[in-house]
Amino acid sequence: MSIRKLLAIWIFFVSIVISLIGFHSLAVQSEIEYWTMAGSLILLSISGHACGIHNYSTKKDGKNLFMLIYGSVILTIAALSFYIPDVLDLRPWEIYARIPDHFFFALIMLFVGIFTSYLSFRPYHNYNKEGAQSGALYVLHVTILLTLLPLFIIIFNIIFRGAGGITYEFLTEDIVSMGEQGGVYPAILGTLAMIALTAIIVLPLGVGTAIYLAEYARKGLAVRLIRTAVNILQGTPSIVHGLFGYAFFVLIVFNGQKCLLAGALTLAILTLPIVTRSAEEALNAVPGDLRDASLALGATKWQTIRKVVIPPSLPGILTGTVLGLGRAAGETAPIMFTAVYFSGAGTPRSLLRPVQALPYHLLSLYRLVGYRDVENQAWATALLLLIIVLGINISAIIVREKYRQRF
Amino acid sequence: MIKKILEILKEDCECAYKGLPKGMKMRVDDFDLWYGKTQAITSVNMNIQKNKVTAIIGPSGCGKSTLIRSFNRMNDTIPTVRTEGHVWLDGYDIYDDTADCVEIRRKVGMVFQKPNPFPFSIANNIYYGCQVNGMDVAKDEVVERCLKQAAIWEEVKDRLSENALSLSGGQQQRLCIARALAIEPEVILMDEPCSALDPIATAKIEDLINELKKDYTVVIVTHNMQQAARVSDYTAYMYLGELIEFGKTKQIFENPREESTEKYITGRFG
Ligand SMILES: Nc1ncnc2c1ncn2[C@@H]1O[C@H](COP(=O)(O)OP(=O)(O)OP(=O)(O)O)[C@@H](O)[C@H]1O
Ligand SMILES: [Mg+2]
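Those sequence lines, one after another, are chains A and B. Residues in the first sequence are numbered from 3 upward in steps of one, following the working numbering. Residues in the second sequence are numbered from 1016 upward in steps of one, following the working numbering.
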């Protein structure tokens, strides 16, 4: 193995370690001393210089000079960081925050580390196309990792802290003394009932709208209005849906009585745009050729839609619907004014009676943390909610795959 | 009052009905078509004879597809289309207000340029037309008859329940022809049915067209001059949305009356 390759591998590992230290510091707020950072950057810079000088001496080429220049740049960064003040006080700009220097050190280490490891692929492959290619691939992998990492951290955190609280008692009993004891049985049933009812309301409405928009509507003013309305609905914060549900369904329709039906209707409005959009996209993805073929065989428009257009778009429609329902299952704001009590509602018995629901239960427990001993219960509730939402999404995937095999 | 209504009805019927001479299946009468504001077809007149093959040729973009799609009102699916004039089928005007598109398309079947089988099984592809038209027929019989007529039975008889998309392009196109035959149309329109096929599959389809004209009236759009000469009895030459020349294929190819036709046929076009 040539010296060039060895140097490149060395630079790669050093920079990976540096970026990991930076990431760790950001993640757990551990402090990085100035000298830690400056030392590691100087180490990198020396390696970079060595690599650059070696390459340049074997092959005089503008590209080979690059590592040399880059090494000097890192050195400059290390020197300049000396001027970062201990604490950056933002209060003179009326922002009430103070940023300590180790935060900047961590950021510098993270980014310099990632960038240098990316650069090390070039000398390894002797500055040819291959190097640029595998370097780009490496950056894509890092991006994916950075996207997935927080997700896994959250999930494992919740599982780790919540798993202990999920007992038989927790799953089967009503809450006792403000959630300190007992379980969440009515809230589980309430959430499931709410999702089921939402699905029943939203599926025909959403799919009907989508069929109208995709198949029947000519591109006129009316269609544009409907589409804009759907988009606005999608962008509306869920608390606004909640307030609307309270003002319209609870106060006007149900005489001031919070109830399961009012909550499901509000959630239906919340999920309607998601369902409509994904269904419309799925319908539009069916090639126009097939519609023409069907019409040319003497089928009516409705027969064409029913037998040729809808079957292949069903997986898409179902996936969109279930994803929408997954979102609805986790929402608190739309139901807190319209359907749920913290305790005392009991298991759902009637559409016109209030229920308990997991997201709202979690919110209430969170508010009690510090006053009462409910922390374990809160984590367990969070885990349960996560399981339900993930379960819904996974079932969407399974259903889609099943259907895909048929067509 | 009733008398008056009857009179109006009679008038309506009279204006929608025009007996065609014997042997003539369709007749196009001063037909114009616009896509929005641009005119794609300008006053076309032509006759389509029963149990004959009529070919439509012409340079790309001259309106061949548009014209053939007018024969079963497939252009209705495009919102911007506007038409004037008449197309008579057995003496009934298919552009009359009272005409039923679904019924017309049942009588005038169509095969498209690109094979477009449904993502169903081969058998269900054939049976689909019977199903949507509520035809009371035995599925197995229809499937076998149509696949045999379209000369593809031998290749697929053991895999009728397989997805039609697993067939090759040429097989798919013959399946589409078989599918069009299932609803027992009177006229079959084909828009460049061979443009995606290799010479062998093309030859099969040309043989098929020769077979088909015993029972059906065929109209075919083609880019391929030899094909038009081989399969058709009548040929229409179009240019820029107008019908330049129409006549017996032999006459069109051997002594065209118009200079433009001759140039196109001999390949000195442009
Ligand atoms: N959906 C449409 N909207 C607007 N204009 C169209 C549409 N379809 C076709 N046209 C126009 O109408 C004219 C005739 O098109 P047509 O498809 O009938 O040509 P063609 O003779 O079949 O050509 P080709 O041999 O390339 O298939 C063209 O100028 C085309 O641009
Ligand atoms: Mg065409």
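Just so you know, these hints were derived from the structure itself, not from any lab. One should not assume that every hint holds.
[Unchecked claim] Below are the SDA-like pairs computed for lysine to any residue, each with C-alpha atoms no more than 25 Å apart in a straight line:
id, chain 1, residue 1, chain 2, residue 2
1, A, K309, B, K1067
2, A, K309, B, K1278
3, A, K303, B, T1095
4, A, K309, B, W1049
5, A, K303, B, S1183
6, B, K1278, B, T1057
7, A, K303, B, T1057
8, B, K1067, B, E1118
9, A, K303, B, K1067
10, B, K1154, A, P314
11, A, K309, B, S1181
12, A, K303, B, D1091
13, A, K309, B, R1160
[Stated by the list, open to error] Label-pair distances were calculated between CB atoms; the ranges are:
id, chain 1, residue 1, chain 2, residue 2, range
14, A, T149, B, Q1241, 38 to 48 Å
15, B, D1173, A, P289, 50 to 60 Å
16, A, A198, B, A1211, 40 to 50 Å
17, A, Q236, B, Q1241, 52 to 62 Å
18, B, V1152, A, L207, 34 to 44 Å
19, A, L207, B, E1177, 29 to 39 Å
20, B, N1066, A, L207, 25 to 35 Å
21, B, T1057, A, P289, 24 to 34 Å
22, B, G1149, A, L207, 43 to 53 Å
23, B, A1211, A, T149, 34 to 44 Å
24, A, I146, B, Q1241, 51 to 61 Å
25, A, G210, B, D1047, 30 to 40 Å
26, B, K1154, A, A198, 31 to 41 Å
27, B, D1047, A, P289, 56 to 66 Å
[Stated by the list, open to error] Sample of chain B residues with no beta-carbon within 12 Å of chain A, all distances over it, derived:
id, residue
28, T1053
29, E1118
30, N1139
31, V1147
32, D1173
33, P1214
Glycine is no exception: its CB is placed at the ideal position from the N, C-alpha and C atoms.
Going through the hints against the structure:
Pair hint K309(A) plus K1067(B) does not hold up; C-alpha atoms about 34 Å apart against a cutoff of 25 Å. Pair hint K309(A) plus K1278(B) does not hold up; C-alpha atoms about 47 Å apart against a cutoff of 25 Å. The hinted pair formed by K303(A) and T1095(B) meets the criterion: a straight-line CA distance of about 18 Å does not exceed 25 Å. Only pairs whose Cα atoms come within 25 Å are accepted, and K309(A) paired with W1049(B) is rejected, the gap being roughly 31 Å.
Note on K303(A) and S1183(B): the hinted pairing is violated, with a Cα-Cα distance of about 29 Å set against a maximum of 25 Å. With a C-alpha separation of about 21 Å, the suggested pairing of K1278(B) with T1057(B) holds against the 25 Å cut-off. Among the hinted pairs, K303(A) with T1057(B) is inconsistent with the structure: their alpha-carbon atoms are about 29 Å apart, more than 25 Å. Straight-line distance between C-alpha atoms of K1067(B) and E1118(B) comes to about 22 Å, which keeps the hinted pair within the 25 Å bound.
Proposed proximity of K303(A) and K1067(B) is contradicted: the alpha carbons are some 31 Å apart, above 25 Å. Among the hinted pairs, K1154(B) with P314(A) is consistent with the structure: their alpha-carbon atoms are about 23 Å apart, no more than 25 Å. For the proposed pair K309(A) and S1181(B), the alpha carbon gap of about 20 Å is at most 25 Å, so the pair holds. Distance hint between K303(A) and D1091(B) is fulfilled; the C-alpha atoms sit about 12 Å from each other, no more than 25 Å.
For the hint linking K309(A) to R1160(B), the alpha-carbon distance of about 24 Å falls within 25 Å, and the restraint holds. Look at T149(A) against Q1241(B): about 59 Å separates their beta carbons, and that is not inside 38 to 48 Å. One distance hint, 50 to 60 Å for the beta-carbon pair D1173(B) and P289(A), is violated here, with the actual separation near 28 Å. As the Cβ distance of A198(A) to A1211(B) is approximately 48 Å, the hint placing it in 40 to 50 Å holds.
Separation of Q236(A) from Q1241(B) is about 57 Å and conforms to the stated range, judged on CB atoms against 52 to 62 Å. Taking 34 to 44 Å as the suggested C-beta distance range, the pair V1152(B) and L207(A) conforms, at roughly 39 Å. At about 38 Å, the beta-carbon gap between L207(A) and E1177(B) stays in the expected band of 29 to 39 Å. The hinted range of 25 to 35 Å is not satisfied by N1066(B) and L207(A), whose Cβ atoms lie roughly 53 Å apart.
For the pair T1057(B) and P289(A), the beta carbons lie near 31 Å from each other, so the given range of 24 to 34 Å is met. Distance hint for G1149(B) and L207(A): a CB-CB separation of about 31 Å, inconsistent with the stated range 43 to 53 Å. About 42 Å separates the C-beta atoms of A1211(B) and T149(A), a value consistent with the hinted range of 34 to 44 Å. The hinted range of 51 to 61 Å is satisfied by I146(A) and Q1241(B), whose Cβ atoms lie roughly 56 Å apart.
Evaluation of the 30 to 40 Å hint for G210(A) and D1047(B) yields a pass: the beta carbon distance comes to about 38 Å. Checked against the hint of 31 to 41 Å, the pair K1154(B) and A198(A) passes, with Cβ atoms roughly 39 Å apart. A beta carbon spacing of about 30 Å between D1047(B) and P289(A) contradicts the range 56 to 66 Å that was offered as a hint. With a minimum CB-CB distance of about 18 Å to chain A, T1053(B) clears the 12 Å threshold, and the non-interface call stands.
For E1118(B), the non-interface assignment is contradicted: its Cβ lies about 7 Å from the closest Cβ of chain A, within the 12 Å cut-off. A cut-off of 12 Å between C-beta atoms contradicts the statement that N1139(B) is not in contact with chain A; the least separation is 10 Å. At roughly 4 Å from the closest C-beta of chain A, the C-beta of V1147(B) falls inside 12 Å, breaking its exclusion from the interface. Against chain A, the non-interface label of D1173(B) holds: every CB pair exceeds 12 Å, the least being about 21 Å.
Non-interface call for P1214(B) relative to chain A: holds, since the shortest CB-CB distance, roughly 24 Å, exceeds 12 Å.
In summary, the numbered hints that this structure violates are 1, 2, 4, 5, 7, 9, 14, 15, 20, 22, 27, 29, 30 and 31.
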